[in-house]
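> Using the sequences and the accompanying hints, generate a full structural model.
Chain order of the listed sequences is R and X. Using full-length UniProt numbering, you'd call the opening residue of the first sequence number 1 and step up by one each time. Using full-length UniProt numbering, you'd call the opening residue of the second sequence number 1 and step up by one each time.
Please keep in mind that the hints were generated in silico from the structure rather than gathered at the bench. Glycine included, each C-beta is placed from N, C-alpha and C at the ideal position. Careful: at least some of the hints might be erroneous.
As the list claims (entries may be wrong) - Among the chain X residues that face chain R by a calculated CB cut under 10 Å, a handful are:
id, residue
1, N6
2, L14
3, T32
4, A41
5, D49
6, K50
7, H118
8, S120
Claimed, not checked - Residues from chain R that keep clear of chain X, each with C-beta distances beyond 12 Å, as calculated:
id, residue
9, H28
10, K50
11, R76
12, Q78
13, G95
14, D112
15, K123
16, E135
17, R195
Number of protein chains: 2
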Amino acid sequence: MTALENLIQTLSRLPGIGPKSASRLAYHLIKTDKLYNSTLADAIATIQDKIFPCSICGSFTEYDPCPMCGDTSRDRTQLCVVEQPQDVLTLQSSGAYNGLYHVLGGAISPLDGIGPEHLSFSKLVKRIDEGGFTELIIATNPTEEGDTTALYLRHILKNHEELSITRLASGLPIGGDLEYADRITLARSLRGRVRF
Amino acid sequence: MTALENLIQTLSRLPGIGPKSASRLAYHLIKTDKLYNSTLADAIATIQDKIFPCSICGSFTEYDPCPMCGDTSRDRTQLCVVEQPQDVLTLQSSGAYNGLYHVLGGAISPLDGIGPEHLSFSKLVKRIDEGGFTELIIATNPTEEGDTTALYLRHILKNHEELSITRLASGLPIGGDLEYADRITLARSLRGRVRF
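Take a look at the structure:
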């Protein structure tokens with residue numbers, strides 16, 4: 001295998017990169033500024049040494065605790081529960097939340113053999129028991145697994161009466177068109193209709 | 001900037017990789033097998049040292065002359081002229097061509113300041129003058145620049161009467177639908193209709 005074939009094949013193992021994209025990327029990497037290649041190669045080679053899960057919330061960080069958990073200007077009465085570390089970034093980019101996070105590490109999915117014991121529920125309950133939170137926002141995905149996880153969460157926290165448990169609203173995407181909404185989303189947005 | 005932000009930003013400078021894809025790739029690279037990351041990093045870091053243009057045809061190679069130019073089983077009477085090195089790979093993947101190649105390094109584009117002097121026409125003419133070729137297949141892109149380049153090529157080779165000059169057929173893509181063809185492609189496929 002030539003160096004070029006090797007690069008194309010290695011690139012095409014990345015998620016969402018098919019053989020055509022891999023080939024286009026490889027030819028780009030041959031012609032681009034060489035400094036860029038060494039920067040990218042170094043970033044890829046070292047990322048796993050630099051990044052690890054925060055010991056408190058479980059999101060990826062370079063320092064422990066992570067900047068989010070250590071930031072005293074954030075609202076420490078709100079806790080947002082997400083499935084994956086990248087969900088923290090996504091929610092942060094909305095600019096609409098200023099509380100703390102908890103990363104479960106996935107969602108309950110019996111078909112994939114993922115039960116509650118594989119996710120960081122006990123750590124979450126311990127954090128809540130230590131007190132201070134008044135609202136728990138469940139931000140699991142609007143999927144069957146995310147729904148199951150949300151129900152399980154509500155179940156194990158049912159004795160925490162100090163805690164207001166909420167979940168992200170489901171409905172029509174902003175800028176979307178009724179005509180193109182799938183019927184499940186449409187049904188949810190009808191059931192969850194709000195006074196206007 | 002954190003290591004993660006750096007990786008996402010570096011990845012998003014690749015062609016066709018937006019911020020969302022870059023972020024997805026970065027999170028994948030955090031969680032994937034570490035050996036994969038070092039393989040990919042090494043392939044990216046070393047590609048420019050290993051790959052260079054073939055001194056005969058101009059396509060990318062690890063050895064000079066390239067495997068294509070050195071392969072005595074290929075038809076040495078046919079020469080296919082392409083714009084970019086990656087076009088060689090694309091044509092090879094069709095399995096329909098077994099002759100030699102010549103890479104121009106681009107197409108004539110006055111608006112981008114690319115004139116014939118920036119492309120390897122003189123090298124091409126020298127190869128043809130050395131003799132042996134009976135057919136020249138112009139495989140420049142079916143774009144304005146590709147068309148201009150093809151016309152220029154026909155012009156500078158008009159005294160080579162031994163050479164049959166052809167160009168890749170334009171028309172409807174196989175598996176395509178008349179309804180979805182753009183009108184320029186449709187017009188070309190009408191003008192270029194063949195006896196059935």
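> Please check whether X:D49 passes as an interface residue: C-beta within 10 Å of a C-beta belonging to chain R.
holds (9 Å)
> Beyond 12 Å on every Cβ pair: is that true for R:Q78 relative to chain X?
Given a closest Cβ separation of 23 Å, the condition holds.
> Let's test the interface hint: is any C-beta of chain R closer than 10 Å to that of X:A41?
holds (4 Å)
> Going by Cβ atoms only, is X:T32 closer than 10 Å to chain R?
holds (8 Å)
> Can we trust that R:R195 is non-interface, i.e. its beta-carbon lies farther than 12 Å from all of chain X?
holds (34 Å)
> Verify that the Cβ of R:R76 lies farther than 12 Å from every Cβ atom of chain X, and report whether the claim holds or is violated.
holds (22 Å)
> Measuring Cβ to Cβ, find out whether R:H28 lies farther than 12 Å from everything in chain X.
violated (5 Å)
> Would you check whether the claim that R:K123 is not at the interface survives, using Cβ distances to chain X and the 12 Å cut-off?
holds (19 Å)
> Hey, is R:K50 genuinely clear of chain X, shortest beta carbon separation above 12 Å?
violated (4 Å)
> Minimum Cβ separation between R:E135 and chain X greater than 12 Å?
holds (27 Å)
> Does the claim that R:G95 lies off the interface hold, with its Cβ farther than 12 Å from every Cβ of chain X?
holds (15 Å)
> Would you check whether X:S120 satisfies its interface hint, that is, whether its CB is within less than 10 Å of any CB in chain R?
violated (16 Å)
When each numbered hint is compared with the structure, violations occur for hints 7, 8, 9 and 10.
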